[in-house]
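Take the sequences, apply the hints, and build the full model.
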Amino acid sequence: MTGRRLFYHGCRLALGGIFLYAGLLKAADVTAFARNIAGYQLLPYSWNYLVAATLPTIEILAGVLLLLGRKVRAASLLLALLTVVFIGAIVSVVLRGLEIDCGCFGGGGNPSPWLALLRDAGILVLAHFTFHLRETAKP
Numbered sequence: 012m013t014g015r016r017l018f019y020h021g022c023r024l025a026l027g028g029i030f031l032y033a034g035l036l037k038a039a040d041v042t043a044f045a046r047n048i049a050g051y052q053l054l055p056y057s058w059n060y061l062v063a064a065t066l067p068t069i070e071i072l073a074g075v076l077l078l079l080g081r082k083v084r085a086a087s088l089l090l091a092l093l094t095v096v097f098i099g100a101i102v103s104v105v106l107r108g109l110e111i112d113c114g115c116f117g118g119g120g121n122p123s124p125w126l127a128l129l130r131d132a133g134i135l136v137l138a139h140f141t142f143h144l145r146e147t148a149k150p
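Sequential numbering of the sequence shown, starting at 12, is according to this note's numbering.
What you were told as hints is all true, and nothing was included just to trick you.
Label-pair restraints from in silico Cβ distances:
no.	residue 1	residue 2	range
1	Ala-64	Thr-13	40 to 46 Å
2	Val-62	Trp-125	20 to 26 Å
3	His-143	Gln-52	33 to 39 Å
Taking lysine to any residue and the SDA-like style, the derived pairs with C-alpha atoms no more than 20 Å apart in a straight line are:
no.	residue 1	residue 2
4	Lys-82	His-20
5	Lys-82	Leu-31
6	Lys-82	Arg-16
7	Lys-82	Ala-25
8	Lys-82	Phe-18
9	Lys-82	Gly-21
10	Lys-82	Arg-145
11	Lys-82	Leu-93
12	Lys-82	Leu-17
13	Lys-82	Phe-140
14	Lys-82	Leu-72
15	Lys-82	His-143
16	Lys-82	His-139
Hints in this document: simulated from the structure, not taken from any laboratory. This one's a predicted model, so the numbers in the text were calculated from it and none came from an experiment. The beta-carbon is built from N, C-alpha and C at its ideal position, and this holds for glycine as well.
See below:
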């Protein structure tokens, strides 16, 4: 296996694993995740539970697709777009001076917003390489 293919598969598996893990943690307690989403004060109250109920499923499905090597470009693009939305939400929290639990990995960890932004930037890098190296890494 060439270095490029190995790097691609490492990025794909890491990205898939991160989102599978995050989605499973959020799905385990949808009500708590809805409270985390409400803390951002971005959505109408009635939408918080809807997002909390659907977002983990999307993360789990995309993560599984990446781990299985199926629909890799679509899954990595979807997760990159979600991550951009997450970054926007965290930036809005910072700009408004809110102190919340981001709920990124089921809540409770509450990293600083700057650490969450750094982590999300790393996730975007993984998504970028997974998306762009897919074509060159095919057997």
